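Novice: Turn these sequences into a full structure, and let the hints guide you.
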Amino acid sequence: MYQIHLDDLEDLAIGASILGSGGGGDPTYDLLQTQVMIERHGPVTIISAEELQPEDLVVPVAIMGAPLISIEKIVGGNEIQQLIHLIEQQKGFRKVTALMPGEIGGGNAFTPLSAAAKLGLPVLDADTIGRAFPQLQMSSCNLYGINPSPAFVCDSLGNSVTVHANDANSLEQLLRHIVVAMGSSASIALYLMTGKQAQSCTVHGTITQALQLGRQVRRAVETHQDVANAIFEVTTGKKIATGTLIDIDQNIQNGFLSGSASLQTEDGIITILYQNEYLMATQQGKTVAMTPDIITLLEQGTGRPITSERLRYGMRVDLITLEAPPLWKTPEGLSLVGPQIFGYQRSTP
Amino acid sequence: MKYSIGIDIGGTNTDAVLVSRKAGQSTPTIISAHKTATTQQIGQGIENVVSQLLEQSSVNRDEIGDVYVGTTHATNAILQNQGLYRVGVIRLAGHRPQTIPPCYKWPQLLIKSIIAKTMTISGGFECHGAPITPLDKNEARNAIEELLAAGAESIALIGVFSPMNGEQESAVADLVYEMTQGQIPVTMSHKIGGIGFIERENSTILNSALKKVMSYGFQELQQAILRCGIAASLHISQNNGSVIELKQALEMPILTMSAGPTNSFMGGARLCGFSDAVIVDIGGTSTDVGVVHNGFARRCMNQSNIGGITLNASMPDVLSVALGGGSHIQFNSDESIRIGPHSSARKIFQDAISFGGQQLTLTDIALKLGSVSIPNTNPHKVELSQIECESVFQNVMQQINRLVTLIQGKYVDLPIVLVGGGASLIPKKHLSQRFYIPHHAGMANAYGATLAEISGTVDTLVSLTDRDKTLDELKQQAIEQAIRSGASKETTRIVEVDIMPYHYVPNHMARVLVVASGQP
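Here the protein sequences line up with chains Z and A, keeping their order. The first sequence begins at 0 in numbering that gives the first Met the number 0 and counts up by one. The second sequence begins at 0 in numbering that gives the first Met the number 0 and counts up by one.
Keep in mind the hints are simulated off the structure, nothing from the lab. Among the hints, a few may not be true.
Among chain A residues calculated to face chain Z with C-beta under 10 Å, some are [said to hold, decoys possible]: (1) P100; (2) T132; (3) V290.
These numbers come from a predicted model, not from an experiment. From the three backbone atoms N, C-alpha and C, an ideal C-beta is built for every residue, glycine too.
Specialist: This is how it looks when you write it as structure tokens:
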């Protein structure tokens, strides 16, 4: 058990962006919101999975929808509280005892923190992905058989819907439509678990990991050390190349930002393919990094991770890859989030 | 023959050029140029520089048709927290967000001196176009009354997704005018533009506050020009390199904040006759590097920042390094060379060794190598070998080339234009064939001001389901806006289209930025 204070939040934003693999949205506004809430209500308690009681009720929360919307229609601040209220009114559910991020990568790392500060609830040091993925079925909870339903969704005006879907894929489809009707951004709670389930079905320690990553980057920048090396001191990974972004070709396919970025390096051009998240990097036809491993671009000088919507021509970046949580490398994991799910052929690097 | 004057009012120097332009010709010729120190009261400096210009030429005062001015006056007002209005802020956001308040993370002193009160009322739009909640005019009236009672001298209106639909903001602005008989100025955020509520709100509030100092500053400017006997129309440079009329500059002072680098980039390219180039502006303390594309300075798509406040103002894409003519040079024991960040800047005439001082500066090295000569200097006092001096410039060029590589991306064949007071310092042997130094390189900023066209910008969020039709409409809007602002119909064309698609949103929503531009 430890507390997250105001001073930790910028580190968390950097770390969450690194784990976002280019997706999950730039956390700038989520960071601001959480800073406001912790200034007002005090620090947030982070607990580890071992500290959970078997009968606890653990609720993963997230904001679903377009990151664009929440930088214009900023969140109201009562959404998660309303979701908790809905859950506690459901038959068969007890009091919510802990929140957790549904997704650690990007802005959603912050979603439980603002509410937890306000409500005095602890936040579990875990998430259900270990990085960012674009769809709700891409979750450790789905992999381990936790029922995603009932799922709860509400907007900042107080409208809410409780959804019972047959499976995670159907839930993704249904919620996508509801979220669009709510203005293309809404708060959700799903994969509700007991403490016992949370101990075995989530990716542990990811809030701490994000904090550590952010801290390493900040210290490396402050002391003019190599940022990538500082990252590899706490997480397994490797630097693939350093280069300048010389071309960005993007479009929207099926609602997802998709495209390719060309990185001019000393050893030729590396092409990075993305669909919200960076999914694959190739050099002269050879795959040099591939999902589910995390692929991150770090801006030289500042060490800031560059999300796919912030890719800008002329940026000078380090391309690094971090190892995915082991569950995604199993045959079952790969069938949920492997390259073929995104339309790529898996080839040997 | 048409004559005009271009003036760049910087923090240190005020530069001015007198140019002539043949009918139908877009590139003006410099007739005379003059540099003077910027004065506390900007009017005095303007009078000095303009009378010098006229003395040096045979052009009559009444032949001057236009005066173009670029200034950092607004930026300085914010940084010094001087002469700003007290602002009342209204958010039109029906979901009444309880999280990020207005002016979050601003310097406390600035908040204290400029924020009268902030309110949130119904209104705002969803991304698909419906109101979040309808605007309630009675609630709006009450809010305006409360703000006025709290001492607001200027009102800032910020509605959710207003860049897509400015109706609600306009309706509230009308209420303010009606209730105060037009005495209280209003800034509407949809006129500022851009998606990103907090940055747009910051820009809108600062713009409201700046209306006071800018109306004084610009009036002083206009009077100074009148005192010089010039009855020309006054144009103010804005950040994107086009100009707005005085009246519009008074409405939108925030648009004029970063005109300096934009003007030198555009001026530098045109002095060499290029429409696409990398520009390196070497000043006394720092060097700015930027790109000109189609005759315009490329803009920065990231957030900009003034005095610790993030803004969404459209700023030129600039990379800077602390390296200039006054930069201090230090030879370390390990034979490495340190250039800057300290600079003698204005004091170079006392500080530098060649001028009789103690400090080794970049200008001393150039004098020693003979790449420039300045009367009444003693470069032989610089006790360095030829090789040492050359190695300093090797280091300078490494730094400049690094920034050029960064900013040019794949356009590795673009010419590189050196401008600014320090451009002439670099010995020719260090410059590859890509480099050009134009005549009047030191006046690129003031010259750039005279090139400015009049532009119209549309920055909005639209559905691109019917892509071609929608883009055509936006282009037409931008063109009409430019013409309304005074651009001629024949010369107005689209100079920039930037499409940033958004994911997870239905109907192919995208942020689209279109700029049209034409000659006055």
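Novice: All hints, please: hold or fail.
Specialist: Going through the hints against the structure:
no.	hint	in the structure
1	P100	holds (7 Å)
2	T132	holds (8 Å)
3	V290	holds (8 Å)
The earlier numbered hints are all upheld by this structure, with none contradicted.
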